[in-house]
Amino acid sequence: MSSIPTELKYTESHEWVKDNGDGTVTVGITDHAQEALGDLVFVELPEIGKQLAVKDACAVVESVKAASDIYSPLAGEVTAANEALDGAPETINDDAYGDGWIFQLKLSEPSQLDNLMDAGGYEQLLADED
Amino acid sequence: MGSRTPLFPEHERLGARIVPFGGWDMPLHYGSQLDEHHAVRQQAGVFDVSHMRPVDIQGADALAFLQRLLANDVAKLKQPGKALYSCMLNADGGVIDDLICYYLGPNRYRAVVNAATADKDLAWMHACIQGASVGINSRDDLAMLAVQGPQARAKAVPLLPEALREPVLALKPFFATEQGDWLVGRTGYTGEDGFEIMLPAAEVLDLWRALLAAGVVPCGLGARDTLRLEAGMNLYGQDMTEEIGPLESGLDWTVAFEPRERDFIGRAALETQQATGELDQFVGLLLTGRGVLRSHQPVLVDDQPVGEVTSGGFSPTLQRSIALARVKPGIGDQCAVEIRGKAVPARVVEPPFVRHGKARIAL
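If you read the protein sequences in the order shown, they are chains A and B.
Heads up: the first sequence is residues 1 to 130, going by full-length UniProt numbering.
Heads up: the second sequence is residues 1 to 363, going by full-length UniProt numbering.
Since the hints were made in silico from the structure, they are not lab data.
C-beta atoms are modelled at their ideal positions from N, C-alpha and C, and glycine is treated no differently.
Be a bit skeptical, because a hint or two may be false.
[Unchecked claim] Calculated from the model, a selection of chain A residues having no Cβ within reach of chain B, i.e. all distances over 12 Å:
#1 THR6
#2 GLY49
#3 VAL64
#4 LEU107
#5 SER111
[Stated by the list, open to error] Computed, partial: chain A to chain B, Cβ under 8 Å:
#6 GLY38
#7 ASP39
#8 VAL41
#9 PHE42
#10 LYS50
#11 ALA53
#12 GLU62
[As the list claims (entries may be wrong)] Here are the simulated DSS-like pairs of lysine-lysine, each with C-alpha atoms no more than 25 Å apart in a straight line:
#13 LYS172/B / LYS50/A
#14 LYS155/B / LYS78/B
#15 LYS342/B / LYS55/A
#16 LYS172/B / LYS155/B
#17 LYS106/A / LYS55/A
#18 LYS106/A / LYS50/A
Chain B extracted, bound-state conformation:
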């Protein structure tokens, strides 16, 4: 048995198919993954993401600590509430985890890390303190919901504590606002508008039920994966790993090489990769032949392997199969993917595939 979020009995009551995920027993879907996917693209859905781990990082050296710990530069965060996506690298430039870091106020930050890697991440963070004046506090007392979709604002905001409603309505994308132990960010993992809401575990059941009563559709990890794939967002452990770093997984944009004097962990390794290697490129694929792309399928050009699919699946919005893939540079825009021994034609495209309910690639 895995760990369970405070909403586990609700998931069971709703008839969810429960699967193990990163040490947790989580809902895969509540009946139809496709219906849940479409609900988020067209209306609003809610995901229990309480398995993800908020980690508070505070203290006089918090900024300097995070500037060394993260490949992106938290010094970019000038306004309280602003968030930033970053990789946390090892010395070899591999990815220990990806996370969102919120700047809450002077000397006060919160990172939200993946469930499966949370313990590893915390151990790494602690090992990196090295005498700095930093406190690291894993917020196991919090639960987290993601409300996503074009109707997320209209449906979720009236259900928030009153003091949060106006500040939440005023949030720009990638900003958050807090009130006591509630933190609401205009962030997500679906390519739609919406919020990620951290709140005391004891209060999550009421919010969850109120959202469902307002017509927000409960969504599981299955829809979460197809939504993030359509949005062209990476999944840790598949698209990037401790062995494959940000420069070969489409995350160059999250690595802040400026200012040059900022010595973040992994910097030297990434600079060596840039200087010496022909780095693989990270691309989107649209399957033009028949089948479904899946991770680890070989990508072929002229019958020769040039890379592999890192995340693949069926896009419910496009009604086609799409993938993220790591391939040799300069392969052009036509390739094939080996599916059960057959070379099936595919086209190289630039993610995202879908944003705000609309196709972003030509079919």
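Chain A on its own, in the form it takes in the complex:
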């Protein structure tokens, strides 16, 4: 059973979103997503300063098996990207909710956070997918 921290928000495309409380969020992929992808071997990060709309494909993670797009959960500007993943993409497998974060966004509309699923909603989504 994959882990779903209750303090995070979630998307249908298996990203997690952490509200940093200062108008920015941190984004990564869920434990379920990393497990489904298998060992990750490459990450293409978004460019800092890039403006993203909701559901824009903005990063790519590639596992031994396949490439998978990462979608921006919310609208905003990319303020940070996890460069450490360049040399160590497996960090996402090891610590999807921590050191395996992918990028940070400064939100253009912080109220959009309410549109995302909470842990209970995401758990239900996974149950429905099975």
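Guided by the hints, dock chain B onto chain A, whose structure is given.
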């Protein structure tokens, strides 16, 4: 639901991720495909390859039948136990399947064919008999394990039936020895030393468990694919197909044009290809830019398409992305591969990429 090998419950018990493959439910990995890959390069791993199909070909005309059926020449097999890799071609020179053919004794051969193509292969073989004195027997009663890696000999041989141990230790590469319904060949699909073991399905569970108890790592289809790619070995259906024949998939060396009078199926078509066409070449690629090579990505020179990746992926041993690709002849050693709309630089290299745990190309 697909077909299941006798070890399916074991795979589930070990927590394998099960995927459909060629009509079978097979383990992709048991947790980490990368760990399994490294285990085979550095120690020993075992693959359940019971989905592959052994086919016995016997009878007074077996040799003549196989000399017509296969692009490689089984007459090269003089010593019992010797094996040979070959394509089985259609009349147009396309590949129906690739296989290993063992010479077991006078008038007695065994071919091992791919799972996804087994039924098609058998139908083709039967259609090719045409009154010859040949019996074709699909050995669905057998299971098959591949034990691969530098420690495969040390770990697997003591677990074999006693009568097989000495003959197996004496095997040279690409030879096999049999004992009853057991057949052990020093063959594989990883670029490492090791064995492929065919045995009665009822006995495979004991051997599998004994191998695991001896520290041999269970490995799935995922590692099998990255290992064979590093070893520069072709995968049927990707690198060669019914449309793309051996001369354009790096398998020239498996086609025996000598003796000239041997009229194997597909020969005329291949000779026409040689005489008329500028044949594409089959090469290895090492990605020097960032990304991962995948099958069907276009290969570019000066922004113009010159071919495509047929098998691509990440090489766990080299920590780089590598591929097999079919390209126009004479493209030189620099190219690019189109990955998500971007031209990423790559270098043309000669496979294999890795053998016996060591890099065989400059990085």
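For each hint, the structure was consulted:
Interface exclusion of THR6/A from chain B stands, the closest Cβ pair being 26 Å apart, more than 12 Å. A cut-off of 12 Å between C-beta atoms confirms that GLY49/A is not in contact with chain B; the least separation is 19 Å. Non-interface status of VAL64/A relative to chain B is broken: a Cβ of that chain comes within 12 Å, the nearest being about 5 Å off. With a least CB separation of 27 Å from chain B, LEU107/A remains clear of the 12 Å interface cut-off, as annotated.
At the 12 Å boundary, the C-beta of SER111/A stays outside the reach of chain B, the nearest C-beta of that chain being 33 Å off. Hint status for GLY38/A relative to chain B: holds, with the closest Cβ pair at about 6 Å, below 8 Å. About 4 Å separates the beta-carbon of ASP39/A from the nearest beta-carbon of chain B, less than 8 Å, and the hint is met. Annotation: interface hint on VAL41/A holds; nearest CB of chain B at approximately 4 Å, less than 8 Å.
Interface restraint check for PHE42/A: the shortest CB-CB distance to chain B comes to about 5 Å, inside 8 Å, so the restraint holds. Hint status for LYS50/A relative to chain B: violated, with the closest Cβ pair at about 16 Å, above 8 Å. For the restraint placing ALA53/A at the interface with chain B, the shortest Cβ-Cβ distance is roughly 19 Å, beyond the 8 Å limit, so the hint is violated. Given hint, GLU62/A at the interface with chain B, holds; its Cβ is 4 Å from that chain's nearest Cβ, closer than 8 Å.
For the hint pairing LYS172/B with LYS50/A, the CA-to-CA distance comes to about 60 Å; that exceeds 25 Å, so the pair is violated. A hinted pair counts as satisfied when its Cα atoms are at most 25 Å apart, and LYS155/B with LYS78/B does not qualify at roughly 30 Å. In summary, the hint linking LYS342/B to LYS55/A is supported, as the alpha carbons are separated by about 21 Å, within the 25 Å threshold. Annotation: proposed proximity of LYS172/B to LYS155/B holds, straight-line Cα distance about 17 Å (limit 25 Å).
Using a Cα cut-off of 25 Å, the hinted pair LYS106/A and LYS55/A holds, with the two alpha carbons roughly 15 Å apart. Straight-line distance between C-alpha atoms of LYS106/A and LYS50/A comes to about 11 Å, which keeps the hinted pair within the 25 Å bound.
Of the hints listed earlier, those the structure fails to meet are numbers 3, 10, 11, 13, 14, in rising order.
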